[in-house]
Amino acid sequence: AQSVTQPDIHITVSEGASLELRCNYSYGATPYLFWYVQSPGQGLQLLLKYFSGDTLVQGIKGFEAEFKRSQSSFNLRKPSVHWSDAAEYFCALNFGNEKLTFGTGTRLTIIP
Amino acid sequence: DVKVTQSSRYLVKRTGEKVFLECVQDMDHENMFWYRQDPGLGLRLIYFSYDVKMKEKGDIPEGYSVSREKKERFSLILESASTNQTSMYLCASSQNRVGGETQYFGPGTRLLVL
Chain G
405 AQSVTQPDIH
415 ITVSEGASLE
425 LRCNYSYGAT
435 PYLFWYVQSP
445 GQGLQLLLKY
455 FSGDTLVQGI
465 KGFEAEFKRS
475 QSSFNLRKPS
485 VHWSDAAEYF
495 CALNFGNEKL
505 TFGTGTRLTI
515 IP
Chain H
20 DVKVTQSSRY
30 LVKRTGEKVF
40 LECVQDMDHE
50 NMFWYRQDPG
60 LGLRLIYFSY
70 DVKMKEKGDI
80 PEGYSVSREK
90 KERFSLILES
100 ASTNQTSMYL
110 CASSQNRVGG
120 ETQYFGPGTR
130 LLVL
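One line per chain: the protein sequences are G and H, in this order.
Residue numbers 405 to 516, in the working numbering, belong to the letters of the first sequence in order.
Residue numbers 20 to 133, in the working numbering, belong to the letters of the second sequence in order.
Just chain H, same shape as in the assembly (with noise of 0.2 angstroms):
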């Protein structure tokens, strides 16, 4: 069975804290994607890799960065946190390059900035 793990369920943070958020995929998927998920708003992109060490950014990249050292693991980094950035975000793997690939997506991580 397709599995996405994110680290925590919940976190509570201080604003300018150094925040990372993991999330780990078992299929051996080459793309993986980090979304926030805002009432009235969605799912937004923030930021997504398709490889090792590759990364691009999404719609909303800034005050974020993202880290792939290795394939099953895409990391999560909110450099000095703020109180707008308190959100739900999901993390989601796929297979290929290719379109209409089907994302899997891990539980979500609920952010609260203080």
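So here's chain G without its partners, still in its complex pose (with noise of 0.2 angstroms):
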């Protein structure tokens, strides 16, 4: 069955460091791929999508993802955190229907 899976629940960061939050799935062919942002009371929002290509994807708020097909991974990054940045965020896989299929969240935390 396919799967995604979100590794760390929780993340600490100090503002100005970097960031990477990690993103497995399972599936037999490459799926798309998405990951959304979630602020504090909020609906998500997307980030950024992978559908071919480039295998190094740029999205909003200065953050990007890398498709990894050796390792079926799709790790978001941003090179320095905000205190804005908190928030919890979603990997989630599209199999070639409507649907997507989410992880359980990586929630981050900004400390000063």
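No lab work stands behind these hints, which were simulated from the structure alone.
Pulled a few chain H residues facing chain G out of the computed Cβ check, cut under 10 angstroms:
1. Val23
2. Glu49
3. Tyr54
4. Gln56
5. Pro58
6. Gly59
7. Leu60
8. Arg63
9. Leu64
10. Phe67
11. Glu75
12. Leu109
13. Asn115
14. Gly127
Below are the DSS-like pairs computed for lysine-lysine, each with C-alpha atoms no more than 30 angstroms apart in a straight line:
15. G:Lys503 x H:Lys72
16. H:Lys22 x H:Lys74
17. H:Lys22 x H:Lys32
18. H:Lys90 x G:Lys453
19. H:Lys72 x H:Lys37
20. H:Lys22 x G:Lys453
21. H:Lys22 x H:Lys89
22. G:Lys503 x H:Lys22
23. G:Lys472 x G:Lys453
24. H:Lys74 x G:Lys503
25. H:Lys37 x G:Lys503
C-beta: ideal position from N, C-alpha, C; glycine also.
Combine the two chains into a complex, taking the hints into account.
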């Protein structure tokens, strides 16, 4: 069965430090891949998505993600986090239909 | 700008009450979705609809029903609310029935069932 794993439930990072959030998937082919962010009390907003082609994808708010087929991973990165990046981050996959399968999320805390 | 709105941000209901959650999108999207979000479980799909009056069960449809009488509106119904339905409910929409479509989310309704 298809699945998405976000192994880190909670990550704490100092403001200005770099960030990497992990996402691994299980599927027989290359899925469509997404990262969403949810600020406290809000709905989800798309950060970026990968379909095919260049494996390094740029998104909004200075985020990027790299697709690695050999590792079945799609990790999210940001070189320098800001206090406003504190939120919950969800990796999601689509397998060619209209539905998304979400990971369980990673909560990001930023310390001054 | 894309907009998905949900009728309530917070709701408090009693066990056994019938509960309606409403969602409206203004983008002429074909697909609409209802998820529930619980800590440590991520988002789980309850139902989705790919056209007016069409619906499909998601991963956790038990205890819920849906209605889509107009393209822009998708309602989630709890026929008899129970305490284990206390959760955050998120509505989303996407343009059409192909892979890779972005889903656009509403702000969520936090439901407490007492």
